[in-house]
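Given the sequences, and given the hints that come with them, work out the whole structure.
So you can see what is in the structure, the chains are spelled out below.
2 protein chains.
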Amino acid sequence: MTRDLSKDNRFLSINTATVRAWDLKQAVEGIARAGIPALSVWRDKLQAVGVAEAARLIRRHRLAVSGLCRGGMFTGEGRGGLAKALEDNRRAVDEAASIAAACLVVVAGGLAPASRDIADARQIVREGLAELLPYARAAGVALAIEPLHPMYAADRACINTLAQANELCEALGEGIGVAVDVYHVWWDPNLANEIARAGKGRRILAFHICDWLVPTTDLLLDRGMMGDGVIDIRAIRALVEAAGYGGFCEVEIFSKNNWWKRPPEEALATAVERYRTVC
Amino acid sequence: MTRDLSKDNRFLSINTATVRAWDLKQAVEGIARAGIPALSVWRDKLQAVGVAEAARLIRRHRLAVSGLCRGGMFTGEGRGGLAKALEDNRRAVDEAASIAAACLVVVAGGLAPASRDIADARQIVREGLAELLPYARAAGVALAIEPLHPMYAADRACINTLAQANELCEALGEGIGVAVDVYHVWWDPNLANEIARAGKGRRILAFHICDWLVPTTDLLLDRGMMGDGVIDIRAIRALVEAAGYGGFCEVEIFSKNNWWKRPPEEALATAVERYRTVC
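In order, the protein sequence lines correspond to chains A and B. For the first sequence, this note's numbering assigns the number 279 to the last residue and increments by one with no breaks. For the second sequence, this note's numbering assigns the number 1279 to the last residue and increments by one with no breaks.
FYI, nobody ran anything at the bench for these hints, they're computed from the structure. It is possible that part of the hints are untrue.
[Stated by the list, open to error] Chain B regions said to be covered by chain A (calculated; three or more residues, Cβ under 8 Å):
(1) 1111-1120
(2) 1151-1160
[Stated by the list, open to error] Sample of chain A residues at the chain B side, in silico, Cβ under 10 Å:
(3) 2
(4) 4
(5) 5
(6) 6
(7) 9
(8) 47
(9) 48
(10) 51
(11) 115
(12) 150
(13) 158
(14) 164
(15) 229
[What the hints assert, rightly or not] Which chain B residues stay away from chain A? Per the calculated CB distances, all over 12 Å, these:
(16) 1026
(17) 1201
(18) 1215
(19) 1262
All values reported here derive from a predicted model rather than from experimental measurement. Quick reminder that beta carbons are idealized off the backbone N, C-alpha and C, glycines included.
Below, the structure is given as structure tokens:
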């Protein structure tokens, strides 16, 4: 039975990217004021206010944290830069622990500089995750691999399908799962099977929502509000919930030319309305 | 053994989209003048000059035709519009036969208007192909399903992986195969297996080349010249040739802000040089 979202905001979370004009203090206060019980935090916002102060703010407003964005990016300086990337990932794990985030979202990283070898990039990511995982386990922080849409394979993430993420999780064992973002996976012909597979391992750690606009005018910063695009969000939510997911629906919208130009309060109010009616 | 392309243009074909400023007569003459033995034709260019005249032009210049672009688009007016789409597809088959094209490239079509049901779009495409295929067989025209990059799933093609295309071919039988375009498939973690699978059925009917630029500034019209991006074209060519493909390498570059602004002669000369050195 798919959850009824129409009556309250119980399972709603807002990613700070959706209310980008706000610093973390403003975001926490604005989200709490809107009667939304959870948020997801980008690290730049966290670091700007300081981790300890952020944790205090979030606690004081009794917000849950559906995730910290983001760890990963293992390939940015190639295999030789993996140690440095891991150091930064360990800091991200510590930050996630400090704010009691449900998971650290991991975006793999794209091709290494000047490389055309995507198989090698995928191997670096595997090595990075294997090395990070014991540290994350010890800190009690779950790692959530977020497969990104294939259009980001070159420059952001070489993990592009849930199948790849599931395979990695199964190889790596406990403490690691997946973040399912409708924007990245809606097109995938194997989606139902791979969501079920992730669910069987109890590996669905986050569920992100927004919409795919037609036309899409920017590869990165033209995501739509739920209901304004072509993704059957409710159908995908039904799949993740049938697979056992009971966590938050996190609204993450990068929108350079629309929502980021409007007051964050308007994005929030619209997100609440759409969450209740179309998600 | 992968073919040596460095010494001549024997396996080079130019898609008319790459020399967009030219009409078909200019394209045929320009391509022949450049010592290139083949071209691939878009239907608008063909129709502008007339099919009979196009066939004469192409024969007179002794050019081979690596494909006609394009059939498909089965979903544009939903299931109710399938009969009309099929009528247009039969015309495309006739045109392909008239110019002795090696295949009719089929781009499936995206979501039906106002639909969010990608599974249904895929079903419409399957029905359309099943109905078109006997007509194409009778005309001696092979259909080449071109899986498009997932970023086109909404508005251009709901067939987004070689696995989907292979599955369709295997279900539909003789007379249908795939067009492998490096731009659409380079990110696919199953690429090697699916190319081998297509090859086993002798189903690789076309091989298209260009490059993925970083950054990519437009979802449709910012393809790069081979060598200017991140695709390991030679590695993918090795896969298709190991799978038995011995046909043309067709250069298809949509490039609003770069190549389309330059003289077609320059795009041609650069394509020849890159074909011989990086492909």
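Which numbered conditions among the earlier hints are violated in the structure presented, ordered from lowest to highest? 3, 4, 5, 6, 7, 8, 9, 10, 18
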